[in-house]
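Participant: Given these sequences and hints, build the entire structure.
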Amino acid sequence: MYTTHGLCDLQINGFAGIDFNDSDNLNAASLDRALEAMLATGVTTCLPTLISADIDTLAKRFAVLDNAVNNSFLGRLMIPGYHLEGPFLNPAEGYCGCHPSQMMRSPDAGLILELEAGLSRPILLITYAPELDLDGSFTHQLSQKGKLLSIGHSAAQLADVQRVAQFGASMSTHLGNGLPHQLHKLDNPIFAQLSNDALMAGFIADGVHISPHVLKVLLRAKGIERSILVTDAVSAAAQKYAGFYAFAGMQVERTEDGTVRVPGSDYLAGSSLTMDTAVRNVVAWADVSFEQAITMSSDNPRRLLASVLLYHGISLAESKVVWNDNLAISEVSVGTQQRTYTPATSGETPCTYQ
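Heads up: the sequence shown at position 240 corresponds to 282 in the numbering used here, and the numbers run straight through without jumps.
Hints listed in this document are in silico derivations from the structure and should not be mistaken for laboratory results.
All of these numbers come straight from a predicted model, not from anything done at the bench.
Note that beta-carbon positions come from the ideal geometry of N, C-alpha and C, so glycine has one too.
Misleading hints may appear alongside valid ones.
[Claimed, not checked] Distance condition first, Cα-Cα at most 16 Å in a straight line; then the derived EDC-like pairs of lysine to aspartate or glutamate:
1) Lys187 with Asp229
2) Lys102 with Asp64
3) Lys102 with Glu135
4) Lys102 with Asp74
5) Lys362 with Glu373
6) Lys282 with Glu298
7) Lys282 with Glu295
8) Lys187 with Asp150
9) Lys362 with Glu333
10) Lys362 with Glu78
11) Lys282 with Asp299
12) Lys258 with Glu156
13) Lys362 with Asp341
[To be verified] Simulated DEER-style distance windows between Cβ atoms:
14) Ser237 with Met43: 22 to 28 Å
15) Ser307 with Ser253: 40 to 46 Å
16) Ile97 with Tyr309: 22 to 28 Å
17) Ala284 with His223: 39 to 45 Å
18) Gly136 with Gly285: 23 to 29 Å
19) His226 with Gly265: 19 to 25 Å
20) Pro222 with Gln380: 42 to 48 Å
21) Gly160 with Leu200: 36 to 42 Å
22) Glu156 with Ala71: 46 to 52 Å
23) Tyr44 with Gly160: 38 to 44 Å
24) Lys362 with Leu228: 33 to 39 Å
25) Glu360 with Ser331: 23 to 29 Å
26) Ser307 with Glu360: 42 to 48 Å
27) Met43 with Ala201: 27 to 33 Å
Facilitator: Now the structure itself:
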């Protein structure tokens, strides 16, 4: 039996059949259903993630999401703010992935501040391509406004990474993904980011986004203290069946092995990973202890968030997760809310990704 803090997912697009990017259908009740399902996986803090779209669409999606959070029961306990992934990404094929390339644009700090002007919760994390921020002003302005800047979907070389790290960038989004299949063997965005100790790095530990043996190497290179587990989950997560699911105005396909792709293509479109499974996966695959897995899934993301939460005057609710000897979740609490689970409801089934 083990007791830990609640898990913290910094990148989650949807869950349990609910798409956080769906401004036509998201409401307080559907958000609570997704968050209730997330509690069963040990997650007590999350940043709902919106992906690239035109500015009017993003404004509508943020407004609907924020309204759902404000009127939901669990949202006020579990959601301190939001993650915007794009639209300041590299538009070249292979880098933007399932993000619509026609929506990519040059970094503009004013647009971020405009998007969050009417929200009750801030945009806390922004994923962008630093090679587009040529003078570092975008990074500097937003890091001074209580934002975490994270490199992703980017062709950033060493000089780009060093420049934005100097101006306040502090993370790599799903490192090893959002990239073409072929890169220079040494001079590439992965090594440029791995080598920078100012950056923490998010990893999707599902065995699909990163093969288990590669994940083991990346965690060794980055170090446990600078590594964060994320799910990048979409609405197909915590669902029993393969099939088509909604994601940001698209239909994505979850296959029998749990992989989520743009139909008819090789492009991944988020994941169906749950955070408790990510914990079990890294313990099984990456030669790390359970305590180290909790460091990456709870302690490190909270530590990364600490400065921006302080800037915005936000405190996280007290949380606790109780795990059995098989690393399945038996109890979760956040604030005054407490839940008890059997192994079947907490997702003890081993991950099938290989």
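Participant: Does each hint hold? Answer for all of them.
Facilitator: Right, here's what the structure says about each hint:
1. Between Lys187 and Asp229 the alpha-carbon distance is near 32 Å, which puts this suggested pair outside the 16 Å criterion.
2. A threshold of 16 Å between alpha carbons decides the hint, and for Lys102 with Asp64 the separation of about 10 Å falls inside it, so the pair holds.
3. Straight-line distance between C-alpha atoms of Lys102 and Glu135 comes to about 27 Å, which puts the hinted pair past the 16 Å bound.
4. Proximity of Lys102 to Asp74 is assessed by CA-CA distance (about 20 Å); at most 16 Å being required, the pair is judged violated.
5. Taking the CA atoms of Lys362 and Glu373, the gap is about 8 Å. The hint holds against a cut of 16 Å.
6. Straight-line distance between C-alpha atoms of Lys282 and Glu298 comes to about 10 Å, which keeps the hinted pair within the 16 Å bound.
7. Only pairs whose Cα atoms come within 16 Å are accepted, and Lys282 paired with Glu295 is accepted, the gap being roughly 13 Å.
8. A C-alpha spacing of about 14 Å is found between Lys187 and Asp150, which places the hinted pair at or below 16 Å, so the restraint holds.
9. A threshold of 16 Å between alpha carbons decides the hint, and for Lys362 with Glu333 the separation of about 14 Å falls inside it, so the pair holds.
10. Proximity of Lys362 to Glu78 is assessed by CA-CA distance (about 15 Å); at most 16 Å being required, the pair is judged to hold.
11. Taken as a hint, the Lys282 and Asp299 pair is honoured in the structure, with Cα atoms around 11 Å apart against an allowance of 16 Å.
12. A distance of roughly 40 Å separates the Cα atoms of Lys258 and Glu156; the hinted pair therefore is violated under the 16 Å criterion.
13. At most 16 Å may separate the alpha-carbon atoms for a hinted pair to count; Lys362 and Asp341 meet this at roughly 12 Å.
14. One distance hint, 22 to 28 Å for the beta-carbon pair Ser237 and Met43, is violated here, with the actual separation near 39 Å.
15. Between Ser307 and Ser253 the beta carbon distance is about 20 Å. The supplied range of 40 to 46 Å is therefore violated.
16. Look at Ile97 against Tyr309: about 24 Å separates their beta carbons, and that is inside 22 to 28 Å.
17. Range check, Ala284 to His223: about 24 Å between beta-carbon atoms, so the 39 to 45 Å window is missed.
18. Gly136 and Gly285 have their C-beta atoms about 27 Å apart, which keeps the hinted 23 to 29 Å range intact.
19. Against the hinted window of 19 to 25 Å, the Cβ-Cβ separation of His226 and Gly265 comes to about 24 Å, which satisfies the hint.
20. Taken as a hint, the range 42 to 48 Å holds for the pair Pro222 and Gln380, whose Cβ atoms sit roughly 46 Å apart.
21. For the hinted restraint 36 to 42 Å between Gly160 and Leu200, the CB-CB distance of approximately 39 Å keeps it satisfied.
22. Between Glu156 and Ala71 the Cβ separation comes to about 29 Å, which falls outside the hinted range of 46 to 52 Å.
23. Range check, Tyr44 to Gly160: about 42 Å between beta-carbon atoms, so the 38 to 44 Å window is met.
24. In this structure the supplied range 33 to 39 Å is violated for Lys362 paired with Leu228, their Cβ-Cβ distance being about 44 Å.
25. The supplied range of 23 to 29 Å is met by Glu360 and Ser331, whose beta-carbon atoms lie about 25 Å from each other.
26. Evaluation of the 42 to 48 Å hint for Ser307 and Glu360 yields a pass: the beta carbon distance comes to about 43 Å.
27. In this structure the supplied range 27 to 33 Å is violated for Met43 paired with Ala201, their Cβ-Cβ distance being about 49 Å.
Of the hints listed earlier, those the structure fails to meet are numbers 1, 3, 4, 12, 14, 15, 17, 22, 24, 27, in rising order.
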